[in-house]
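Asks: Each chain, letter by letter, is given below.
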Amino acid sequence: MAVPGSEHFASRPIDPATLAAQLPASLPIHTVTQEQIDALDPLTYEVIRHRLWSVTDEMGEALKRMSGSPIVTDANDFDFAVSDELGQEVQVGLYNTMLVGAVDLAIYWTLQHRSVNPGIAEGDMFLTNDPWVGGGLHQNDAMVYQPVFWEGKLFGWTSAIAHQADLGGVGLGSFSPAAQDVFSESLPTPPIKVVRDGVLQDDVADVWVRRSRVPMMIGLDLRAKVGANSVGRDRLIAVIEQYGADTVKAVMKRMMSDAESRLRGKLTDLPDGRWRATGYQDQSHTGDRGLHKITVEMRKAGDHLTFDFTGTDPQSGVVNCTYAGMRGGVMLALLPILAGDIPWSAGGLMRCFDLVAEEGTINNASFPAAVGRGPIGPAWLTGNLVAECLSQMLDQAPELDAHVQSACCGTWDTAVIAGLDQRGAVPTPFLSILMDPMAGGYGAQPQADGMDTGGLFCIPMGRVPDVEMTEFLYPVLALWRREEPDSGGPGRRRGGVSASMAVTPHGTSFPIGLVLASNGKAVSQNNGLAGGYPGNTGVEYIARGAEVTTMLGAGQLPADLAEVGGTAELQPCYGETYVAPGEVFTMFWQGGGGYGDPLTRTPEDVARDVREEKVTAAAAEQAYGVVVDGTGAVDAEATETRRRELREARRTRGASEGTRETVDLTDARRLDDNLVAVGEQVACAHCATLLGTGAVGELDLVRYEGPVSDAGPQVVDNAGEYVDGAVHFRQYCCPGCFTAVSTAVVPVDHVDDVTRTSRVLADARS
Amino acid sequence: MAYVIGVDVGGTFTDAVLDDDSGSVIAAKAPSTPPDYSRGVLDVLELLAEQLGRSLEEMLAETHHIAHGTTSSLNALVQRKVPDVGFLTTKGHRDSIFIMNVEGRYLGRSPHELQHVLAQDKDHYLLPKRHALEVTERIDRDGNVIVALDEDEVRTQVEKLRSEGIQAIAVSLLWAFRNPTHERRIREIVAEIDPDIYVALSSEVSPRIREFARNSTTIMSTQVGPGLRDYLANLESSLKQKGLGGPLLVMQSNGGAVAASEAPQQAISTVGSVLTGGVIGSVQLGQKLGHKNIISTDVGGTTFLVGLIVDGEPERDTTTVINHHPINVPTLKVHAIGSGGGAIAWVDAGGNLRIGPHSAQAVPGPACYDQGGTEPTNTDANLVLGILPTTGLLGGRKALSLEKARQAIKAKVADPLGLSVEDAAAAIHAAQNAQTGDLLRKSVVEAGHDPRDFVLYAFGGSGPAFCAKYATHLGVDEVVVPLGPVASAFSAYGLAASDIALAQELSDPAQLPVDAVRAEKNFAQLEDQVRQGLDRQGLKFDRVEIVREIDMRYAMQLAEVTVPVADGPVDAGALQDAANRFEQKYADLYGKGTGFSAAGIQAITYRVRGRGVLPFSPELPPLERAVGEPEAQSTRPVYLEIGQGFVDTPIYDYTTLRAGHVITGPAVIEVPTTTVVVPDGRTGTVDELGNLHIRRTQGA
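Keeping their order, the protein sequence lines are chains A and B. Mapping the first sequence onto the numbering used here, position 622 (from 1) lands on 622, and the numbers just tick up by one. Count along the second sequence from 1, then add 766; that gives the number in the numbering used here.
Calculated from the structure, these hints are not laboratory results. Quick reminder that beta carbons are idealized off the backbone N, C-alpha and C, glycines included. Careful: at least some of the hints might be erroneous.
[To be verified] Derived, one-sided and incomplete: chain A residues facing chain B with beta-carbon distance under 7 angstroms:
| # | residue |
| --- | --- |
| 1 | T31 |
| 2 | A62 |
| 3 | R65 |
| 4 | W344 |
| 5 | M438 |
| 6 | M461 |
| 7 | W480 |
| 8 | R651 |
[Said to hold, decoys possible] Derived DSSO-like pairs: lysine-lysine, alpha-carbon spacing no greater than 30 angstroms straight-line:
| # | chain 1 | residue 1 | chain 2 | residue 2 |
| --- | --- | --- | --- | --- |
| 9 | B | K1351 | A | K193 |
| 10 | A | K64 | B | K847 |
| 11 | B | K1176 | A | K266 |
| 12 | B | K1358 | A | K193 |
| 13 | B | K1006 | B | K1054 |
| 14 | B | K1099 | B | K1058 |
| 15 | B | K1208 | A | K266 |
| 16 | B | K847 | A | K153 |
| 17 | B | K847 | B | K1099 |
Looking at chain A on its own, in the form it has when it is part of the complex (with noise of 0.2 angstroms):
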């Protein structure tokens, strides 16, 4: 149940005649009819669309040459959108793309309870970071936005968002791992008018960065923003003084119906049915030893797509993020997999599906909620639960499974540093996030390997900074940072690796404070598809006692956590500690899940990975039953036997009876990498044993339980060290040829959905 009065800056979808039924007749908007927008050339059509394009592009050159913050110049956490007069989004940034489902909430919102006090005017900019309004999905993001005029009619909007340092509460960098409620993080503040008549109003700005430990560095990203939009208006009103404020409008709704109507032929032309995925975090705050799960059930009907996320755990620590963070997860898989095709107009692609979700809920919470790992978290792993959803559907169609992945990288390992830098004239305090585990590794695709260190999936263009960037800025020493062989899922395509890094004090004679926060550690976040393993959990240490600074000076220089001396001290999700001048901090993020049961892939690909240093000899072996000779060539007859003896392995500790039925495939039709429908049939696409009948029966795989080791040297099996719940390794296999079907880390009671039969047959079903 709602606070009262907290309610009233709940924003959601609204419709758009209903929205602009609303608005006060001092407030006139530009737009345009269906004919005007029938009436366009194509060549103007393309024109207009680039032009608007690179409107957003423009807005985030300038923005990057203006910020103060590493977060935005190197690693490119913001965003930009242009949109329609009722704030429907035409045009996206493609950076951080789970603002995108953010953005357009903050602006309906601010047309419904500001339109008549204070107004909307022509030299107008709102600020907001209020995750309830939109904008953003916690409070650090802050967005400046302004409503664009012409001729006296409001023709449409354009905005700015980055991710801030720091903007108060009792947390370093705003983020408080213990905190109960919203009160121990940065003050949300709903829209308030930041720019009037194109002045920057000096009381607003100043209450802004009044919150901040880092007030210089928060006054100076606010002018970056308002910078960024004033770019982004003139640009747009060069646009509509040469080419007409209708024909750019009508540019502007065609673009959004064009997204649409593409999106929804894709949809049709797609099976029907029902698919699920269930995710877990892993601890919620400061000494939680929970496990606090999301699950989502996506129907798609005809042209359309529902996300029910009902049977979500309620509410918890500082796990939770808003409904707008539930919509920007979608977004984050939505985008890419299903739009990457068609031009990103979110406002159309937005249309095609509605969200369902108990309020009060970790992807759905309830003011006062802390919400402070909204976007890193919960808003993360609905994203990757509805690509899981997603690419269980495209896999089905041959002709898509370009657009099908494992998951990526799960989360956001978060360290906030900050301490003291003297290595200037006047000692200086520092204050910011450790940007290296952009490095993610993504998930493995049918026809590709996931791409190695390819990046953060809900971050497009995201980016890490050069490790000078940030020795530059910090009075730290980087050790190394390395891709981290092993860390990709095994599969039949391998899941990118990750990298990981470690930092020593440099230039200071005081310990560095660090805020910590992450999942995915005891729980595998991401998980393979089609048999595929998952990558690895994570894992951060300090090395403590350590004396690194005089190994240095000896001339030694560390590789390794076991060289660098001290106690190796394990680090939980979340927690408050110090990295001591001498000590190494060190990060070690998650890559990407497999695809297909490794046991099937190329023997030459796992040798060409061995050589580039992406998979071990000793996991090549275990974990892909290939063995490589010393020249780093596959030894066939001993890799022949290797997988043999594993797959005897898996026959030998399964419990499967009998003898059982071939189907003939002849006329087989693809549901994944190892399953094929034969009519009303389910039936392996190996070895073409029976596997089920009917849309409502159950699949005949044999499941195994065992230890959390049997998946590999890159899931570290110490669950308990953070969580009560058991944890355990489950696979299935193909009864006929142990080809394994579906492999997971997952508590142990976790329900899944590897054996409905419906899951792969829902057309029959529906």
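Assemble the complex: chain A is given as a structure, and chain B must be docked to it using the hints.
Replies: Frame of chain A; chain B shown alone:
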């Protein structure tokens, strides 16, 4: 007499333009001669000398300088036809070039490709991991040595690379641009082991912060450096033997130049020099013709290059992207789209006609060159269609075999598609026009411009045969084919007409107000370096123009805005003026009130730009006015429009045309160095300088 010669070595042809101090200009063209391109250079110089009526030695003796540009380094990089090189870097940081800051996944991709995340990849590593090795050493942000260089380990690693057959090593250590001692010591050690190994240091090739771009710039420079070294040494010694009086200069991507002997160490800075030449030539011609917005298209045998000139200024960039890697080379923005006249036509598995991206290159070249090529190209199609004369190119010096062209088209396109050879050739021509139009529109429109606001310039040997058609697809109303003396050697013209520009910069970050003495000292040192650099070119300049700049920013920002510092003494007043200009420019760029004076202003980088103005002004001589109508030399059957087949078409000899002549399409104009098609519905008009302007025929 004193001559300036511009030479543009392309994949297929080598062009040269010569101008002298009396203002006259001549041009020549010869086939390129890979793998030893220097023969083609000597060939083309010989042709220039012939035109002058002098011997090669006489001409070279009076040559003020040769400005040389080449696409061969760029072609090698883009096609990844480079030798294996080694990479040495700081322990713990080898993977910088594999992690690629993540951005290696999307850099250099079009907007359309950018959002298609799942179709992207990172499979474009510069080298395998076994060729990337680490050495123990560490320098910090302030240039302090934190861990001494382990010299024994360096030796071990170098031997490991040698055992892999590596003959060139890129060395890029963290913070080496702050303190280059470790990099330099590594070079010494390599030289002790094997003095023939080429070594490039990041502190010299690209002394900028951010190791990934510095690493990739140094590695790419190493991939092309040895080839450039061998080529230039060879060429320079040949030219000296023949009595070259002035220096051989290699043009850089930013319009500057380095002496040939210095170029190999900075190999990467010469990548794209020819591209610069073509765009600079367009700017210069645009000034004469009054065009401010120009799409410059340079269609050679191997490449199709597009540059944009907006409001009279070529679009520039401080970095460029090659094979999805950021490369620290200031350059004019040039897009390479598709391929040129040598693009190969083929039929895919689905039975569709495709053009490119593979090219027949200079060797073997199009089938009709009769050099062993069996793949049909655009050039072959043009010959079959009658657009090109069967008497050959370059005024008959480059013979063409109609028979070979027909054979290739028949076997690879006509038979698979069930077409006649003629119809297949017409289909190739039409597909090339449409595809080029689409690619061009993409690069213009995606840069945020409306092609209808532009004039299109078409040069290069292969462009003029297509330009009227692809311009129509693009929506451009007017096409200019630069003809007259520079004709298809247009890029070489740009090189010959360029002044020599050099810049030096120094990073000295400080909060304002900066001590004026310190600023004065910085500028004095930089100006000295620039003047010395210009002196080292061994040229006589009319005058040297010096411009001083400071990059400023608000405190805590990470990007700067460049502002000029007025001539005269550098005192507190001058610095305050510069700060005021910074605030003004910032407000102009990002909006009033976006500045943040409260944070303070910092001066970060001091820069001096010097321009050595040459005592040459290559004036294109005016063409005689036309009297009466132009006369066609002959007619021949030419197949220009699908559905119309061969139509008897007038053929004009360009040398008989005069200013004011109007030619109504369809027509073919034969120029010694190229062939121009004026299609049906278009009219070509010859201007005062001999250029051809193609516009829609009135009333058509």
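Asks: Which numbered conditions among the earlier hints are violated in the structure presented, ordered from lowest to highest?
Replies: 1, 8, 10, 11, 13 and 16
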